[in-house]
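J.: If you count by our numbering, then the sequence shown holds residues 1 to 83, one letter each, in order.
These are computed hints drawn from the structure, not numbers from a lab.
Just so it is clear, CB atoms sit at the ideal spot from N, CA and C, and this is done for glycine as well.
Hints are not guaranteed to be accurate.
[To be verified] Computed spacing ranges between beta-carbons, pair by pair:
id : residue 1 : residue 2 : range
1  : 19        : 47        : 14 to 24 Å
2  : 80        : 55        : 30 to 40 Å
3  : 33        : 62        : 16 to 26 Å
4  : 17        : 51        : 49 to 59 Å
5  : 28        : 67        : 38 to 48 Å
6  : 35        : 15        : 21 to 31 Å
7  : 47        : 21        : 14 to 24 Å
8  : 16        : 80        : 29 to 39 Å
9  : 67        : 29        : 37 to 47 Å
10 : 46        : 11        : 42 to 52 Å
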Amino acid sequence: MLEGDRIMDEKQLMKDTKLCTRWAIGLSLVLVVIWPGIMFSTGYVYSLQFFKGWFYLSFSWLVIAALFITTRPLIEFFKDSKK
Numbered sequence: 001m002l003e004g005d006r007i008m009d010e011k012q013l014m015k016d017t018k019l020c021t022r023w024a025i026g027l028s029l030v031l032v033v034i035w036p037g038i039m040f041s042t043g044y045v046y047s048l049q050f051f052k053g054w055f056y057l058s059f060s061w062l063v064i065a066a067l068f069i070t071t072r073p074l075i076e077f078f079k080d081s082k083k
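Produce the complete structure using the sequences and hints provided.
T.: What follows is the structure in structure tokens.
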């Protein structure tokens, strides 16, 4: 890797880091503060059916994210090792 390529990669990495950080903070605010705050202020009470649906959705998200986080680096590793 040339020195110029490394600088370009570091610039892109910093740009992507800022983008991901903004998205993470934004989603955290929406999902942890704003959405529950709105539901609390309206006096909404979870029904058992709604709670189950919310739980299944959250658990599905957790499983899909875990699979992606563990398999994606392996896929990239094997792609790079074939080159």
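J.: Decide, hint by hint, whether the structure agrees.
T.: Hint check:
Taken as a hint, the range 14 to 24 Å is violated for the pair residue 19 and residue 47, whose Cβ atoms sit roughly 38 Å apart. At roughly 38 Å, the beta-carbon separation of residue 80 and residue 55 lies within the given 30 to 40 Å, and the hint holds. At about 20 Å, the CB distance of residue 33 to residue 62 agrees with the hint of 16 to 26 Å. Checked against the hint of 49 to 59 Å, the pair residue 17 and residue 51 fails, with Cβ atoms roughly 36 Å apart.
As the Cβ distance of residue 28 to residue 67 is approximately 22 Å, the hint placing it in 38 to 48 Å is violated. Between residue 35 and residue 15 the C-beta distance comes to about 29 Å, which sits within the given range of 21 to 31 Å. For residue 47 paired with residue 21, a C-beta distance near 36 Å fails the hint of 14 to 24 Å. In this structure the supplied range 29 to 39 Å is violated for residue 16 paired with residue 80, their Cβ-Cβ distance being about 19 Å.
Under the hint 37 to 47 Å, the C-beta atoms of residue 67 and residue 29, about 26 Å apart, miss the expected range. Hint check: residue 46 to residue 11, Cβ distance near 46 Å, so the stated range 42 to 52 Å holds.
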